[in-house]
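> If you want the building blocks of each chain, they are given just below.
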Amino acid sequence: MSGRKQRLFIFIAITSGMLIALCLSIISGEVYYYLTHDAWYFSEKHARTFVGGTQELYREPFVIKKNTRVRIAAIGGSTTYGFGVNNELAWPKLLSQKLEKHFPGKYEVINLGRLGGHLEEFIQNFNSSSNVYIPREDWIKGIRPNVGDFASWGWKDLKPDIILLVPIVNDTAPDYLYYARPNVTAKIAMKGLNIISSISLANRFALSFYIKKGLIALENLNKEHITDNAERLAVIKNGYERNLEQFIYLWSKDVTVVLLGLPLLFNKEDRGKEAAQAARFWNLSDNKSLLNEVQYLPSLEGLEKEVRFNVSRRYNLKYVEIGSKVKKLPFNERLRFYVDSIHMNKFGTQLIADEVFKLF
Amino acid sequence: MKSYRKLIIVTISTAVLCFSGTVSAQELKRLRKIISDEMYYPRECRYVVPANLPDNAYSEEKNRVFLEIAKFLEKNKIVMLKMKDSKTVIIPNDNIYDVVQLNVNTRYELISISIILGVWNIEVTDEKRVGSMVMVEGARLMSNKSPLYEFFIKMLPVDEKRDYVPAKMRWEISKKKDKESVVETVLNN
Chain A
842 MSGRKQRLFI FIAITSGMLI ALCLSIISGE VYYYLTHDAW YFSEKHARTF
892 VGGTQELYRE PFVIKKNTRV RIAAIGGSTT YGFGVNNELA WPKLLSQKLE
942 KHFPGKYEVI NLGRLGGHLE EFIQNFNSSS NVYIPREDWI KGIRPNVGDF
992 ASWGWKDLKP DIILLVPIVN DTAPDYLYYA RPNVTAKIAM KGLNIISSIS
1042 LANRFALSFY IKKGLIALEN LNKEHITDNA ERLAVIKNGY ERNLEQFIYL
1092 WSKDVTVVLL GLPLLFNKED RGKEAAQAAR FWNLSDNKSL LNEVQYLPSL
1142 EGLEKEVRFN VSRRYNLKYV EIGSKVKKLP FNERLRFYVD SIHMNKFGTQ
1192 LIADEVFKLF
Chain B
1101 MKSYRKLIIV TISTAVLCFS GTVSAQELKR LRKIISDEMY YPRECRYVVP
1151 ANLPDNAYSE EKNRVFLEIA KFLEKNKIVM LKMKDSKTVI IPNDNIYDVV
1201 QLNVNTRYEL ISISIILGVW NIEVTDEKRV GSMVMVEGAR LMSNKSPLYE
1251 FFIKMLPVDE KRDYVPAKMR WEISKKKDKE SVVETVLNN
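Going line by line, the protein sequences match chains A and B. Residues in the first sequence are numbered from 842 upward in steps of one, following the working numbering. Residues in the second sequence are numbered from 1101 upward in steps of one, following the working numbering.
Only chain B is shown next, with the shape it has when bound in the complex (with noise of 0.2 Å):
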């Protein structure tokens, strides 16, 4: 009679267990839908190289990481680069789309380049309620990678690298208007 009693606790438990196992993995498969159809997950990790060199935009530092980024664009036959006015210009070669896309301006002139490195994903761990708002807890990983995303990364400031690598983040989910709205934190990574 005892060993029908413990079987039936431990098969109850077991089901319990496993119910709520998978409640959470639903609500996190959920939350991350969200998230995904809010922030555009997944979606390429690009860096924005302005056409003309140096530009007055942006700092001197910034603008020798650009340079250094096209010339290493021009090793790799992804660019070519010529002097005018004394500013250097960025002419993108043909059928370069997969690792570079062109903002260009109504008269097609080139504005500025976009490098592909990969594509950003997210992966969600945890979630905790506080009030009406969910924070989720995960991080950003990089798939698809570009043959220029190791390269390009060594050549990156410290401070500026942090934007481009995996990363553990937060996202605070509250609903505003019967829709969700998302804000996404990149914690240290």
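Only chain A is shown next, with the shape it has when bound in the complex (with noise of 0.2 Å):
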């Protein structure tokens, strides 16, 4: 056999090994999974793309053409979505119907707020919506939606004459918990992340699953936690106002933004005891992330606040911190306008309602 062709043996035969070899992972991934799960991986995928139930990705339908009236979108997170109360009694659309009696014919507001929704995935909504919900958490360590998870319209295409941006905890709180500073490793484990989510042939395998599932430990095993609590709030500061800022930029300067702030349950002077009658007064036995929220929740709050103002100053946009009034009741009546230390009660959302009236 001549070099040539020894050489042209050796190729074939590597490149068949390496295919074969990619095979049987696959395979294998795929029966690993089916053992482990009792399904197989392309179903559950399918499933987990529709989470269901009260956890859909918007509120309420809404038509993507736009007609003759003055369109609003209100964006936010679950606050915006209405966790804790019916849709009926969510803000969004009790705005919607108070416009509707002032002004008839004049205005339509969408609610586009989505559970655990945070700017950096409004900012990909942007072009277009995902149809997956991905939590803060995993978007933390890189994962992404995948190609085949967006839909065919983006929010540009609503073609909104007013933002209502109300962007609370879901840019803080979870990286206030989970966020740690990547080392080099860390940074390729996150960047492997990103392209194995991008390529949506290799995500219908479950042997992608397993790479990612490695890759993420991989990044979080080389990561630190940023133990000191005023680099750690930095951090999330600079994020949180560089999200803001990206997502305001990329809407024309024909439509109106204006940025809203909720009130959050607790205040800086709440401690435990607090926690522990919220606790009561909502009948649950384990107040542990009470415990928690009430330690860090206040601070998250003040640093937002501050990062709205300074960005509404900076793009000249009006600016409104929603539900003042609430923060300086005492704790057993504020406590009232509650679901839990996030979320408001139907007393709560109405007076968010007539608060972001007065703005028409």
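The hints are simulated quantities; they were obtained by calculation from the structure and are not laboratory data. Backbone N, C-alpha and C fix where the C-beta goes; we use that ideal spot for every residue, glycine too. Mixed in with the good hints, there may be bad ones.
Think about it this way: if two alpha-carbon atoms lie no more than 25 Å apart in a straight line, the pair counts; the simulated BS3-like pairs of lysine-lysine are [as the list claims (entries may be wrong)]:
id : chain 1 : residue 1 : chain 2 : residue 2
1  : B       : Lys1276   : A       : Lys1109
2  : A       : Lys1114   : B       : Lys1279
3  : B       : Lys1279   : A       : Lys1109
4  : A       : Lys1187   : B       : Lys1133
5  : A       : Lys1169   : B       : Lys1277
6  : B       : Lys1162   : B       : Lys1276
7  : B       : Lys1133   : A       : Lys1169
8  : B       : Lys1184   : A       : Lys1054
9  : B       : Lys1177   : B       : Lys1245
10 : A       : Lys1114   : B       : Lys1275
11 : A       : Lys1168   : B       : Lys1162
12 : B       : Lys1245   : B       : Lys1133
13 : A       : Lys1187   : B       : Lys1177
14 : A       : Lys1166   : B       : Lys1228
15 : A       : Lys1114   : B       : Lys1133
16 : B       : Lys1245   : A       : Lys1187
17 : B       : Lys1129   : B       : Lys1228
18 : B       : Lys1133   : A       : Lys1168
19 : A       : Lys906    : A       : Lys947
20 : A       : Lys1169   : A       : Lys1094
21 : A       : Lys1114   : B       : Lys1276
22 : A       : Lys1000   : A       : Lys939
23 : A       : Lys1159   : A       : Lys1199
24 : A       : Lys1064   : A       : Lys1078
25 : A       : Lys1109   : B       : Lys1277
26 : B       : Lys1162   : A       : Lys1053
27 : B       : Lys1277   : A       : Lys1114
28 : A       : Lys1169   : B       : Lys1279
29 : B       : Lys1254   : B       : Lys1162
30 : A       : Lys947    : A       : Lys1159
31 : A       : Lys1129   : B       : Lys1162
Label-pair ranges, simulated between beta-carbon atoms [what the hints assert, rightly or not]:
id : chain 1 : residue 1 : chain 2 : residue 2 : range
32 : A       : Ile1029   : B       : Glu1161   : 48 to 56 Å
33 : B       : Ala1239   : A       : Asn908    : 51 to 59 Å
34 : A       : Lys942    : B       : Asn1195   : 16 to 24 Å
35 : B       : Met1180   : A       : Arg1022   : 37 to 45 Å
With the hints as a guide, bring both chains together as one complex.
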């Protein structure tokens, strides 16, 4: 065998070997997934796309094509979605009803609030609305929607005239709890995750699921948690400000962006006693998460307010902290506006709608 | 002359009686407010069911009750039940917040559901002073009963049922650092 033929033979043998190894890995991945999850990866993947129940991505259907009315898009997380109240009592719905009563046929309100919705996700949705819910914790780890997870339309196609932007909690709280500083290895793992997430074909196989798991583990092992609280808050503040500016920048100058903040239950002075009282009020036997929240949510709320104020100044935006009077109430009266430490009940959403209405 | 004297005595006695009655009613009202502020009355009466059943944190008997409640909720189209990894998973339907509140984690994964059974309120009927402490007697009452309430009560074991029905109550009010503190006791019902 001549040297050239021998080299070709070796090349074909190695390539075939690699292909066979890849096929075997894919098949083993599928079989292993079936054995451990009692379902094929493909069917599971499809099920994950639609979380179902109350966790549907948008609170109610809307028409993408714009009509003659002034279109208001309420953009935010679960507080805008209306977590904790029926759709009829979500503040965008109440606002819509109030506007219709006072200005018949003039305004249309679309609720774009998403459970766990945060600014980076909003930026993504601008071009193509994502059909999947990715918790912020996973987002921080680099997990993104797969290529096939996007709708054929984006928020830009709604052509809103006014945006009520309510970026609260989801841009800061998960970061505070889970963000860690990556080193070089973690950064490489994150890049790898991004690449795999973007390859549509790869995401059809359980193998990619296991590779992703491996990369996340690798990334987490190579991250250090920021122990200094001030530094941690500074990192979060920078990220929040950067994302907020980036999102505002996406919209043309013809769109009026109004920046809104909503009040959270706990104030800086509140302590474990208030957390225990809230647990009793909601009849929760386990108040661990409330004890945590009373410690960190007020500082994050303060940080967010500062950023919103600065950004509104810089971009000459209308900015209002809605429901500030609730924050001044004694704790036992304040508590009566909430279903948990973040989300308001029907009294709270009515108050928000009334205050937002005053802007029109 | 005698009749005048009688009239004066009756008038004064009536005034004293009315005045003391008013004071007592006002005092009870004040005590009721203290108890309401401290113990958060009126407040919703809720029953918490874990979202994944059985839940290892509870006994077999308790899990059986949870499952029975979950099935009842499914029958009433409040939740859907799905089997996953040999567990029954509760998935709430849309717009059920007037009967059920959802308790989620930061990933918005459902941890438990709180079934709203009605609204607890209180009435106070008597007060007694023991040193610096005030003992108040009265009852807790349930208003705005949910349509689920009657069925729910039938399903609960006797010892648990006590926590969800009206009952005679006693509150001990004492002052600690210029602030009233209240200890609540449910008397036999």
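> Run every hint past the structure and note whether it holds.
Hint-by-hint comparison with the structure:
no.: 1; hint: B:Lys1276 with A:Lys1109; in the structure: 23 Å, holds
no.: 2; hint: A:Lys1114 with B:Lys1279; in the structure: 14 Å, holds
no.: 3; hint: B:Lys1279 with A:Lys1109; in the structure: 21 Å, holds
no.: 4; hint: A:Lys1187 with B:Lys1133; in the structure: 24 Å, holds
no.: 5; hint: A:Lys1169 with B:Lys1277; in the structure: 23 Å, holds
no.: 6; hint: B:Lys1162 with B:Lys1276; in the structure: 38 Å, violated
no.: 7; hint: B:Lys1133 with A:Lys1169; in the structure: 20 Å, holds
no.: 8; hint: B:Lys1184 with A:Lys1054; in the structure: 21 Å, holds
no.: 9; hint: B:Lys1177 with B:Lys1245; in the structure: 19 Å, holds
no.: 10; hint: A:Lys1114 with B:Lys1275; in the structure: 17 Å, holds
no.: 11; hint: A:Lys1168 with B:Lys1162; in the structure: 39 Å, violated
no.: 12; hint: B:Lys1245 with B:Lys1133; in the structure: 23 Å, holds
no.: 13; hint: A:Lys1187 with B:Lys1177; in the structure: 22 Å, holds
no.: 14; hint: A:Lys1166 with B:Lys1228; in the structure: 39 Å, violated
no.: 15; hint: A:Lys1114 with B:Lys1133; in the structure: 20 Å, holds
no.: 16; hint: B:Lys1245 with A:Lys1187; in the structure: 18 Å, holds
no.: 17; hint: B:Lys1129 with B:Lys1228; in the structure: 14 Å, holds
no.: 18; hint: B:Lys1133 with A:Lys1168; in the structure: 22 Å, holds
no.: 19; hint: A:Lys906 with A:Lys947; in the structure: 16 Å, holds
no.: 20; hint: A:Lys1169 with A:Lys1094; in the structure: 36 Å, violated
no.: 21; hint: A:Lys1114 with B:Lys1276; in the structure: 15 Å, holds
no.: 22; hint: A:Lys1000 with A:Lys939; in the structure: 22 Å, holds
no.: 23; hint: A:Lys1159 with A:Lys1199; in the structure: 13 Å, holds
no.: 24; hint: A:Lys1064 with A:Lys1078; in the structure: 20 Å, holds
no.: 25; hint: A:Lys1109 with B:Lys1277; in the structure: 22 Å, holds
no.: 26; hint: B:Lys1162 with A:Lys1053; in the structure: 39 Å, violated
no.: 27; hint: B:Lys1277 with A:Lys1114; in the structure: 15 Å, holds
no.: 28; hint: A:Lys1169 with B:Lys1279; in the structure: 20 Å, holds
no.: 29; hint: B:Lys1254 with B:Lys1162; in the structure: 15 Å, holds
no.: 30; hint: A:Lys947 with A:Lys1159; in the structure: 21 Å, holds
no.: 31; hint: A:Lys1129 with B:Lys1162; in the structure: 22 Å, holds
no.: 32; hint: A:Ile1029 with B:Glu1161: 48 to 56 Å; in the structure: 52 Å, holds
no.: 33; hint: B:Ala1239 with A:Asn908: 51 to 59 Å; in the structure: 57 Å, holds
no.: 34; hint: A:Lys942 with B:Asn1195: 16 to 24 Å; in the structure: 22 Å, holds
no.: 35; hint: B:Met1180 with A:Arg1022: 37 to 45 Å; in the structure: 42 Å, holds
The structure is inconsistent with the numbered hints 6, 11, 14, 20, 26, although it conforms to all the rest.
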